[in-house]
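Colleague: Spelled out, the chains give:
4 protein chains.
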Amino acid sequence: MSGSIYGNIFKISTWGESHGKALGVVVDGCPAGVHIDEEIIQQDLDRRRPGAFKYGTKRNESDSVQILSGVFDGITTGTPVSLIVFNKDQKSRDYGNIMNVFRPGHADYTFQSKYGIRDYRGGGRSSGRETLSRTAAGAIARACLKELGIEVYAYTKSIGNVTANTFDRNEIMQNPFCMPDRKAAEEAAVLMEKTAASQDSLGGIIECIADGVPAGVGETVFDKLDACLSKAVMSIGAVKGVEIGAGFSAAGMHGSENNDSFTAINGKAAKLTNNSGGILGGMSDGSQIIIRAAFKPTPSISRPQKTINKNIEEEEIIIKGRHDPVIVPRAVVVTEAMVMITLLDLMLVNMSARIENVKKIYKG
Amino acid sequence: MSGSIYGNIFKISTWGESHGKALGVVVDGCPAGVHIDEEIIQQDLDRRRPGAFKYGTKRNESDSVQILSGVFDGITTGTPVSLIVFNKDQKSRDYGNIMNVFRPGHADYTFQSKYGIRDYRGGGRSSGRETLSRTAAGAIARACLKELGIEVYAYTKSIGNVTANTFDRNEIMQNPFCMPDRKAAEEAAVLMEKTAASQDSLGGIIECIADGVPAGVGETVFDKLDACLSKAVMSIGAVKGVEIGAGFSAAGMHGSENNDSFTAINGKAAKLTNNSGGILGGMSDGSQIIIRAAFKPTPSISRPQKTINKNIEEEEIIIKGRHDPVIVPRAVVVTEAMVMITLLDLMLVNMSARIENVKKIYKG
Amino acid sequence: MSGSIYGNIFKISTWGESHGKALGVVVDGCPAGVHIDEEIIQQDLDRRRPGAFKYGTKRNESDSVQILSGVFDGITTGTPVSLIVFNKDQKSRDYGNIMNVFRPGHADYTFQSKYGIRDYRGGGRSSGRETLSRTAAGAIARACLKELGIEVYAYTKSIGNVTANTFDRNEIMQNPFCMPDRKAAEEAAVLMEKTAASQDSLGGIIECIADGVPAGVGETVFDKLDACLSKAVMSIGAVKGVEIGAGFSAAGMHGSENNDSFTAINGKAAKLTNNSGGILGGMSDGSQIIIRAAFKPTPSISRPQKTINKNIEEEEIIIKGRHDPVIVPRAVVVTEAMVMITLLDLMLVNMSARIENVKKIYKG
Amino acid sequence: MSGSIYGNIFKISTWGESHGKALGVVVDGCPAGVHIDEEIIQQDLDRRRPGAFKYGTKRNESDSVQILSGVFDGITTGTPVSLIVFNKDQKSRDYGNIMNVFRPGHADYTFQSKYGIRDYRGGGRSSGRETLSRTAAGAIARACLKELGIEVYAYTKSIGNVTANTFDRNEIMQNPFCMPDRKAAEEAAVLMEKTAASQDSLGGIIECIADGVPAGVGETVFDKLDACLSKAVMSIGAVKGVEIGAGFSAAGMHGSENNDSFTAINGKAAKLTNNSGGILGGMSDGSQIIIRAAFKPTPSISRPQKTINKNIEEEEIIIKGRHDPVIVPRAVVVTEAMVMITLLDLMLVNMSARIENVKKIYKG
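Protein chains in written order, with our numbering: chain A, 1 to 364; chain B, 1 to 364; chain C, 1 to 364; chain D, 1 to 364.
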């Protein structure tokens, strides 16, 4: 168990290293009857492709995906969908100098500690390139959720200390940071240029929304929807914090302030506020699901850093290679992917919550 | 799958409702050879017992635990350890008025939506009383971790807007909020009294530390140590946010600031700072593991609130019964429990990371 | 992981030792809305109770079950159903002489090898008494399957070398062997008396039928219905062989003989024969599911046997205590239980096989 | 969940259809530090390759495997090992006539019932070609087990009604049936020729041995070693029965006859007989593990058969294409694979059975 398999019913199994031959994912448990093709998946992959955003790695990869199984005449058959992307631009020579040295903020030291061996080329398995597989699987989840009337989208809430204060959904794909606030994006660009000039990097916060989720999704104790979403999002390499709805600010509120009052709108249950972020008692409550994730700044910076080598001797390291001075914009679609995969999986799990649902399937 | 089973190797299965006959947990996969008795478990249970802290529910429960299986002559045998606590003071009459009404901030509406039926007495399965089972299982994990030289402890970092600024470990159990800062605890008491007087409630932040965890624990992609800890802690009823090390503040830092430099101390790897919170690439890095959780204010408040009933008609509700105006202090040991269970489980999973470890077991 | 948890969606977690305080099971994932009470469960438990059959142990246990959670007003709520049976007649003194000696055919030696400690009283966790928990969980699965129009029943196909050749379902509960053939049961009684007189024991074969299972249940590669049923039934203590439909005899047939021709009966698919035992490609084919299990003779016999002790010294053992000279009749309901639990679980898993089914639940 | 993922710690995820672009497997949880290369895997694949045996399909596939990830400088790194085999000789035109008709003894009808769609080309996912992925994963398990001093091998016990009565291990790879008895193999060849001439097919029995397994492997209730092995082997397409040690014949024995007496040989525990097939109470007992599987005759036969089509109308079918008149010899290595994968997985799971083992890893 290296922990590369995820899910209960909609299960994904990812594989591949940054400078290996290829990366991919096997999706087991995708319902049959869903239209899937390589273009649908490519659309999501293109949103995290190196080069998709101005402030990204210079590595040149088309990240062209191929479907190898599980789809017949453009329709999922219920059997495992295997997706593959071959690496094209592996410049392993760039990474020779980190073979025996542990980069600060990276997984070099912990990988070596765990396994006693590591593929150091470009970070190997711990490279951000691993998220390619998540994104590809996420595109399949997206196609399924679309059939159920559910839409998931994310955007950058902040870059460094620059926060988006307005929300224009059309703006999100119009700036190099995926921010819904043009003015904030412009400020972020200034900060980014300054940061890059000083051989440094930035982090940020991504907010993800799920619209259209019916009430009752999520299991009641350990597999709560918020708990599963937290794991999903926290498992993305650079994430250091996750919050739902009011999140950390809820800790400072009074109950009377934080409680969302229920109300009836056209005979349907609704809430006057959404501090819960769409989740109560670990189950969706029918309102918008809101999750935020804090991404640390890219640990690869080209200024000299203190560190140690494999012999536990102190050394100075200067990281070369092609790195993203900020990975947040490319992580937007990755965050969506993890939310979609988790949400779909829990929706499939939830189908048998009531015997009347079971009868609906088996007794018409 | 109601999601009441948790873990990969050290698996726990919890059950019970607030006003049912009893609550309990079955621990499957506890290594054989560990000394366990009822007193060890009772110690942890007593820390979350109603009445353990000044500002808690008035429900009177001794929460006496019995070991029903899996322990022989005070030693675990490797078979499932079943623990049970009988309810004594169920006053179900207190809750009659919420049978058909959904309390804001509670799981009433979502439970009803999911299952079409709910045990409304005292919150049923969604009551905070469910954490009793987690705590009992956590005590067993604690006994195992102790054998491995690992200690896990938590404390209250903030109550409402009052934050602990100093750290005195001895102080933690000396004040009714489990804060490591006496002065902050006194301020919190003032705030609490004022809040209770206005029929309101408070939330807060708990910080949990794991000391002595060797490097390399945690799996590399989805089952990262931080991802699993996030799920574990977020699955506790009132938690709305989780962060590791520098957490959300890392999003505002530069890479040069956030990266922890490695250094060598007495020939051993160490770090100059610990923004990573002891986790790099999803694996423990040998330094202290630090996780924080934001708890929302108790949703049960006795002032009138707007809500709806089962017929989706608007109604006003006044919640009676015995509630905690703040649950944070009682949640300290619950947080420890979830961290310990998760950490131990991942340590057991990690044992087979290298073939040389497998040989160590099977070929001496 | 001691392997006491079973299932994907309908998950059971069993616990308890032969001479401990109690045994029980937690059922997580039972759909809400099913009528369950203690009587329904007791009915199945009574069929494996010591004393239910003439040729059984003399241990005196009423095996009265209590429901501790998950059922409200006689209806399952979707939360874990915890069941408990307290032991009454533990005569641990009977077993003192096996504390340091390994009984042939028993799990004493392997338990000791695995865990380095064992509860030797009455076989501890490896006692047949463990099947009580399976049976109780099976009764809940039975109630669910009944709602879906599915019936599962088993009977004794052979005792020692005496085989049932006729099938009268009403006869099954009329003789002490649960055979559907009165004449065979009479022969078995003669054989049993003779065997008991010579301080020996018998085994036998149980056949189990599932009626009404729709086509398509079972997953397509590793979690085939037949594969899962095999595991389920082989996990019952004394089982040494499992077969589906024609089973081992299929290995000697020609394809033309073994293939079941499809036919149409009233516009519905049917088969002219049922060598497949109702399973093709790991999925139910709509015909009767047929599984057979071979039970070895009870290893506890009172005549002297050669063995070794904990110091690996040869010794002779005479097993005292209260044993079943044949456990097959009591295992009939246990076999049903394992088949029902597995079948129900795979039916719940199968609900999401098609996106149109997912839509049926979420989009009406 | 299409059930294409298998294992607890050593987890495999298989994918691919008979006439798709490729087939493969991802192995997650292989311990780091094991020497693996494409030749090692190819050796096992060559033993099930079309054309490996005289009486096999005429499909021409080299089945050349590529390692895409998880291996660095010939050593496993602990990350997922992805293996791929591209299909070369897909003649899909051969299968056009079965698009709308259900072949008797095949999974056509059940696949259609479950998913409402199927890739009918060459049987799609239910083709025996799926076992290629199992075999490739099995080769990796073999390399791991070799490091632990464990050898697993299988052979054909019977073909149709011809049974091997002698055992010469060197003979196994010398005849087209993998029988350890040359004379029986010659008789089987006569039977095979006769059967093929009458456009019919044969089944048989495979026996598999595991040597060198220490006592205590296997979990004690549901995940018994024999239960898991049964599932593993029963999940191979054509298997209809599984037995351990004396198996079905144990049902006809007396306890005194079936019990294996323990004895001491050079101060070590041993058994005078091995009716248990090396497993007691679900755990390995230190003697040879013996499992047998009954394979039904190949359902694809070229003589006319009665069946129905998608409209549930009766029809006659003549199956064309390239089929194995007996698949047993090619299934020998597949059986080994499933046994090895299962055994290794349970050995990894078993590592944490005792706290002293856990200490051995973490505290030296």
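These are computed hints drawn from the structure, not numbers from a lab. No experiment lies behind these values; they were computed from the predicted model shown. Treat the hints with caution; some may be incorrect.
A pair counts as met if it fits within one copy or between any two copies, since identical chains are not told apart.
When the alpha-carbon atoms are kept at most 27 Å apart in a straight line, the in silico DSS-like pairs for lysine-lysine are as follows [unchecked claim]:
#1 K58 x K21
#2 K360 x K194
#3 K194 x K306
#4 K360 x K54
#5 K359 x K58
Colleague: Of the hints stated earlier, which fail here?
Modeller: 2, 4, 5
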